[in-house]
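Engineer: Let's have the full structure, built from the sequences with the hints guiding it.
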Amino acid sequence: MAVMLTPSAAPVKPARPVRDRHHRGVSRWVVLVLVLLGALVMLVPFAFMLLNAFKSPGDYSSSGPLSWPTEFYTKGLRTYWTTVNFPLKFWNSAIIAGSVAVLGVAVSLLNAYALGIGRVRGRLWIVGLFLLANMLPQEALIYPLYYVAKQVGLYNTQLSVIIIFTVIQSAFGTYLLASVMSTFPRSLLEAAALDGAGKWTVLWRVVFPNLRPTLAVLLIFFFIWTWNEFLIPLVMLIDNQTQTIPVALASLQGDRLMDAPTTNAGALISLVPAILFFLIFQRTLARGITAGAEK
120 MAVMLTPSAA PVKPARPVRD RHHRGVSRWV VLVLVLLGAL VMLVPFAFML LNAFKSPGDY
180 SSSGPLSWPT EFYTKGLRTY WTTVNFPLKF WNSAIIAGSV AVLGVAVSLL NAYALGIGRV
240 RGRLWIVGLF LLANMLPQEA LIYPLYYVAK QVGLYNTQLS VIIIFTVIQS AFGTYLLASV
300 MSTFPRSLLE AAALDGAGKW TVLWRVVFPN LRPTLAVLLI FFFIWTWNEF LIPLVMLIDN
360 QTQTIPVALA SLQGDRLMDA PTTNAGALIS LVPAILFFLI FQRTLARGIT AGAEK
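Counting from 120, one number per residue, gives the positions in the sequence shown under the working numbering.
Incorrect hints may have been included.
As the list claims (entries may be wrong) - What follows is a set of in silico ranges between Cβ atoms, one per label pair, in the way DEER data are often shown:
hint: 1; residue 1: L243; residue 2: P392; range: 37 to 47 Å
hint: 2; residue 1: N204; residue 2: G317; range: 44 to 54 Å
hint: 3; residue 1: G315; residue 2: A213; range: 38 to 48 Å
hint: 4; residue 1: D314; residue 2: L169; range: 20 to 30 Å
hint: 5; residue 1: G317; residue 2: F167; range: 53 to 63 Å
hint: 6; residue 1: N347; residue 2: S180; range: 26 to 36 Å
hint: 7; residue 1: L169; residue 2: T201; range: 16 to 26 Å
hint: 8; residue 1: N329; residue 2: L243; range: 19 to 29 Å
hint: 9; residue 1: V145; residue 2: A312; range: 40 to 50 Å
What the hints assert, rightly or not - Here are the simulated SDA-like pairs of lysine to any residue, each with C-alpha atoms no more than 20 Å apart in a straight line:
hint: 10; residue 1: K194; residue 2: Q360
hint: 11; residue 1: K269; residue 2: N253
hint: 12; residue 1: K194; residue 2: P184
hint: 13; residue 1: K194; residue 2: S180
hint: 14; residue 1: K194; residue 2: S181
hint: 15; residue 1: K269; residue 2: Q360
Keep in mind that the hints were calculated from the coordinates and are not lab data.
Note that the coordinates shown come from a computational prediction; the quantities given were computed from them, not determined experimentally.
Don't be surprised by glycine CBs; every beta carbon is placed ideally from N, CA and C.
Structural biologist: Listed below in structure tokens is the structure:
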């Protein structure tokens, strides 16, 4: 009687145990603790600012900046609001920062489109020039900018600050977007060209939709960076009607006397709009960074 022999089954390897992402060793928790400690250290100056914003000048002089206030003092907030005309300064800062953010992104997009996709002659040297422009300190630009603004009649106008910061911010934006566009899929551009699309159509129908998350990140950064600028607005805007919030905050400090509670209250009020802007567009910023990482 014949016996049928079946081939022995291959040995099955035991499945690897799935490790929970919450149990990846001690190093994970060490990193989390270090990050938490770093965040707390960075929040210490803001905690002192909040503490001294509601402290009376007498309490500050007698107890120092580290003590808890003995009373809820709000006169410093009211003094700063009325002394520097905060609504006007807020409007000036919003106009300048918003204009620079929009114009800076637009100029960066057009420049980078020519450099990254247009492949202009000498592209590498031009991109290197934009990189060099990002490294120039503002202190080295103050006198030439002041002289030119005087000659063309734009000194002490918000337009001068908008033009200056649009050029400064677009230098960084052009360098960043040119690097991104240099890796743009050529198949999309060739398909659009076969459909009869011109360069302007390719920019707004093909390139712009794909770069929208990156442009949103640049818009947020340009707004916050311009909002916090101090040196150039201090030199270019000497009229009280054209000054921005950082310049108005610095005006509270005298040569020999400084009202620390009022200064802290002003810094607190000045910081709130930037924080609110960041919180409103936080999801947009996270999506833009994530989209850039995925690409």
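Engineer: Decide, hint by hint, whether the structure agrees.
Structural biologist: Right, here's what the structure says about each hint:
no. : hint                    : in the structure
1   : L243 x P392: 37 to 47 Å : holds (40 Å)
2   : N204 x G317: 44 to 54 Å : holds (50 Å)
3   : G315 x A213: 38 to 48 Å : holds (42 Å)
4   : D314 x L169: 20 to 30 Å : violated (58 Å)
5   : G317 x F167: 53 to 63 Å : holds (57 Å)
6   : N347 x S180: 26 to 36 Å : holds (30 Å)
7   : L169 x T201: 16 to 26 Å : holds (21 Å)
8   : N329 x L243: 19 to 29 Å : holds (24 Å)
9   : V145 x A312: 40 to 50 Å : violated (56 Å)
10  : K194 x Q360             : violated (24 Å)
11  : K269 x N253             : violated (24 Å)
12  : K194 x P184             : holds (17 Å)
13  : K194 x S180             : holds (16 Å)
14  : K194 x S181             : holds (18 Å)
15  : K269 x Q360             : holds (18 Å)
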